[in-house]
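Q: Fit chains B and C to the known structure of chain A by using the hints.
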Amino acid sequence: MRGRIETASMASPESPSWLSARRPAGDGRLTVLVLFLPPALLLFTLFVVLPIGEAAWYSGFNWNGFGRPTNWIGFDNYRFVLESRAFWLALRNNGLIIVVSLLIQLPLALALALVLAERFRGVVALRMLFFLPYILAEIATGLIFSFVYDGDYGLVASVWRWFGAEAPHLLASTQTAMVAVVIVVVWKYFGFHMMLYIAALQGMDRSLIEAARIDGATRPQVLRYVVIPSLYPTIRLSVFFAIIGSLQLFDLVMPLTRGGPADSSNTLVTFLYNNGISRMRVGFGSAIGVILFLICVTFAFSYKRWFMRDE
Amino acid sequence: MNDVEAIRPSFNPAVLYKALFLAVMATFVLVPLLATVLGGFKSLGELRVNPFGWPQHWEWSNYADILFSKRYWQLLRNSLIISALTVTLTLIVSSMAAFTFAHVKFYGSSMLLSYLTLGLLFPAATAVLPLFIKVRDLGLLDTYFGVSLPHVAFSLAMSILLLRRFFKDIPYELLEAALVDGCTYINFFRYVTLPLSRPILATVGTITFVNSWNAYLLPLVMLNTDDLYPWPLGIMVYQGEYSSEWSLILAFITLTILPTVILFIFAQKHIVAGLTAGAVKG
Amino acid sequence: MGRLTDGVLKRLLLAAATLMVFVAGAAAETTVKWLHIEANPAQVKIWEEVARAYEAAHPGVKIEMQFLENEAYKAKLPTILQSKDRPHIIYSWAGGVLRAQVEAGVLEDLTDQVKGYSDTITPAALAAFTQNGRIYGLPVALSQVGFLYNKELMAKANVDPGKIKTWDDLLSAVKALKAAGVTPIVAGGADKWPLHFYWTHLAVRIGGKASFDAALRGENGGFEGETFQKAGVLFKQLVDLQPFQNGFLGLKNPQAVGYFGDGKGAMMLAISTVYHLQRALAADKVGLGEDKIGWFDFPVVSGGKGEPTDTLGGITGWLVTKGAPKQATDFLKFFISKDVQTRLAAGNFLIPVVRGGEAGLNNAFMKQIADNLAKSNYHQNFYDQSLGPSVGRVVNDVTAEIAGGSMTPQQAATAIQLAFKQGN
Chain A
3 MRGRIETASM
13 ASPESPSWLS
23 ARRPAGDGRL
33 TVLVLFLPPA
43 LLLFTLFVVL
53 PIGEAAWYSG
63 FNWNGFGRPT
73 NWIGFDNYRF
83 VLESRAFWLA
93 LRNNGLIIVV
103 SLLIQLPLAL
113 ALALVLAERF
123 RGVVALRMLF
133 FLPYILAEIA
143 TGLIFSFVYD
153 GDYGLVASVW
163 RWFGAEAPHL
173 LASTQTAMVA
183 VVIVVVWKYF
193 GFHMMLYIAA
203 LQGMDRSLIE
213 AARIDGATRP
223 QVLRYVVIPS
233 LYPTIRLSVF
243 FAIIGSLQLF
253 DLVMPLTRGG
263 PADSSNTLVT
273 FLYNNGISRM
283 RVGFGSAIGV
293 ILFLICVTFA
303 FSYKRWFMRD
313 E
Chain B
3 MNDVEAIRPS
13 FNPAVLYKAL
23 FLAVMATFVL
33 VPLLATVLGG
43 FKSLGELRVN
53 PFGWPQHWEW
63 SNYADILFSK
73 RYWQLLRNSL
83 IISALTVTLT
93 LIVSSMAAFT
103 FAHVKFYGSS
113 MLLSYLTLGL
123 LFPAATAVLP
133 LFIKVRDLGL
143 LDTYFGVSLP
153 HVAFSLAMSI
163 LLLRRFFKDI
173 PYELLEAALV
183 DGCTYINFFR
193 YVTLPLSRPI
203 LATVGTITFV
213 NSWNAYLLPL
223 VMLNTDDLYP
233 WPLGIMVYQG
243 EYSSEWSLIL
253 AFITLTILPT
263 VILFIFAQKH
273 IVAGLTAGAV
283 KG
Chain C
148 MGRLTDGVLK
158 RLLLAAATLM
168 VFVAGAAAET
178 TVKWLHIEAN
188 PAQVKIWEEV
198 ARAYEAAHPG
208 VKIEMQFLEN
218 EAYKAKLPTI
228 LQSKDRPHII
238 YSWAGGVLRA
248 QVEAGVLEDL
258 TDQVKGYSDT
268 ITPAALAAFT
278 QNGRIYGLPV
288 ALSQVGFLYN
298 KELMAKANVD
308 PGKIKTWDDL
318 LSAVKALKAA
328 GVTPIVAGGA
338 DKWPLHFYWT
348 HLAVRIGGKA
358 SFDAALRGEN
368 GGFEGETFQK
378 AGVLFKQLVD
388 LQPFQNGFLG
398 LKNPQAVGYF
408 GDGKGAMMLA
418 ISTVYHLQRA
428 LAADKVGLGE
438 DKIGWFDFPV
448 VSGGKGEPTD
458 TLGGITGWLV
468 TKGAPKQATD
478 FLKFFISKDV
488 QTRLAAGNFL
498 IPVVRGGEAG
508 LNNAFMKQIA
518 DNLAKSNYHQ
528 NFYDQSLGPS
538 VGRVVNDVTA
548 EIAGGSMTPQ
558 QAATAIQLAF
568 KQGN
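As you go down the protein sequences, you meet chains A, B and C in turn. Here our numbering runs 2 ahead of the position in the first sequence, where the first position is 1. Here our numbering runs 2 ahead of the position in the second sequence, where the first position is 1. Here our numbering runs 147 ahead of the position in the third sequence, where the first position is 1.
Source of the hints: derived by calculation from the structure; they are not laboratory data. Since this is a predicted model, take the numbers as computed values, not measurements. There's no promise every hint is true.
[Said to hold, decoys possible] Straight line, CA to CA, 25 Å or less: simulated BS3-like cross-link-like pairs of lysine-lysine: (1) C:K312 with C:K322; (2) B:K136 with C:K231; (3) A:K306 with B:K170; (4) C:K298 with C:K312; (5) C:K377 with C:K310; (6) C:K209 with B:K72; (7) B:K72 with C:K180; (8) C:K452 with C:K377; (9) B:K136 with C:K223; (10) C:K322 with C:K377; (11) B:K72 with C:K223.
Bound-form chain A, shown alone (with noise of 0.2 Å):
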């Protein structure tokens, strides 16, 4: 049976190949199977997954990087790990930016979805001002903010002078420097949630709301009622990303405060990189990745199994 085929929508100019050639049996299955899917394959097994196992059987060694590992020392570097005041800071510190994250991050890109989903002019451009933080790397950001706060030059530290007080330096003290690297986190992050809201809202079925109008709803009620509730799969992975994405990071806070003062904005990858990579303490870096490791895996499937339909 022939069946018939849509040369017209194809984007090959004139008649390829096999509409002429007579090919011999066997249709390349195998060929495709061969080629295709090793490359990807190859390279996910080498660069991703074989590196978390060694991560896991290099968390057994007292290491330094240099040659082979040989001093095998077995859960002593978790125990190092959960020992360090550094660790659990750095644990709340992520705790932290989860919870402002998901407190005022995201209603606040909710707010603005709801306001900027309509049809104005300049609607466009305030979207795209607004996404602009997203798109740019998170090691400018860092620095961009880091100059914001700087004690001398900063631009805080001017409005704070022009009050008359003397300028207070935010990221040189234990209790503001994290409250500071949050703020910066929001910053950056909220127009892609919102984003992800308006998309939501301009695919959102009208004719419930106009139902609920009809019904003599209001503004309000139809918002909670109505427009909240179809927005919930959304919202559920906006919460997704805002959480991986908490637990990741690391450019913001470098060139902000390096961790510190005394770890007090440590996140856990930094936390990992300045005892892993700056002191080459393989076993003990590698302690903290398979810590990380386990807990993304634990939120990721708790997650999925919660709150997500499977694929």
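A: Relative to chain A, chains B and C alone:
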């Protein structure tokens, strides 16, 4: 006058609140950025007393010195090479694999797919130490590939899933008919799938490019000669050298994020679609 | 037959000559990669001139210089050493970090290459770069840690630096300065190592050489012992007076040095090279002139077992990494020669290690430092380098934490001892 009043809707305070809200947020976003751009035009002394405002005296030398320095263009060149390499490899490798998963039925296909989704669960940062050791053992430290290959590997999961979904959308009957006509899978891939998939390929390419262009951790660990540094490493070295000379540093930052901003202005739709589609479809 | 051999001979000679040029040409282009942390452009300029002079005298060799800031250098060095493209000449503060590098096998054994030459260098300095009898690098400078002070600001508060002899004197001086509205001390707390000078020097004063050696052997509770606890306690006394400039925990060392050079603080506990460095890093690029800046040695602690002549400071130098071309060592010998050292000493950039180099010192300040170092029987190398890469950084961490108020002296000492026991 009275008629107009009658039909004109009453003034809605909500509009005012919305406008205020937008204005506050816009300021929040713009002020740091503008201060950075303008700061590069000021002398250090002026920067201290006038960080927000328009430069009273335009110091062109800050920007000019950087623009005419070999260093700046070398950084951009390195970034371009690494990103182009990463995008090319990612697109090639993931489209091939995605096609296989989409159309070729073989034993273990779903198992392998689940295997790949593992890659979505954790970031490269967790494995950065063993990655460093492995790249070193492969002799790829201080090479573009040493940075590119791990990036490609880690973006494979997302790319393959995205592409596979899109490829699957191409009607199966099309493939069936082609096969009956004697077309091989590979030719179908080359002449049908790829041309039809330009949008999704552009999307995946964009996400990969932006992530690679902005990357800091992996290049930081894998590259040690400043000849090879991409711009994120470059600005940190620059800042280390000129620690308190903020006007110089701000000029440098502005010039290095300029490519990103320009790209954004010209490819807005793609970037937004790409970065959010990655989220929604994932 | 004569004509035939003539022609053949000529051709053979031509071929041989061409071959020789080829071989010589191929072997000639060597690049020596030199990684340094010198932030003072005036000194870098002289180094560049020396490099060019060497290149002129040795055609076919190119010296390539690369700069990394101090703290960034310390953080990146472990990864740099793993690369096969690593630099050939790297900066070093000797100590435990050098020991770790030797054990890792990343350094070139220079003993044979420097035979004869090594006699020109003061033995104590050379010893710092010798491990197990083999030489792995060459020292280039000596330095001492002490208090630099701003004469004008001290006068403003009526503090006589000459009278600051004991730790209590220092505390009183700080109080007087604060009362006069002057920032007593400038410190680059963000980099942490400037703060560890306080703790370390206190330990040197309290326990002297004996204490440090005993701690290394694990005696008297190691680094948890009395000496180090007391060092933390005394440091805390200073910290409690809030002597540092506002936001000191966020200021990196180069910025702090610039701050001091701008005349914004009265004192700075720093390496003697800052005397010169502050001029380059000050905002006006002039800094404090010779008549405006002074020096006093770190105060003694009453009841301390350390000698007043004990010094804390560095023996710094250059190492050659494994696999580097012979020209790297050759260049180093050229660089650390009497001529160059005398020239650098004359510029007041360093206290030389080459015998006879001190003749170049023409500045009272530098001569005083050289004198101090010569008189010292116990020159303690910076802890963060002498204790090895990992323990050293812990020392930096904990002193910064005492300064920030987030750790007690007791906790600090315990942390160091713990890290020391964990090794590596």
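Q: Sort out which numbered hints this structure fails and list those numbers smallest first.
A: none
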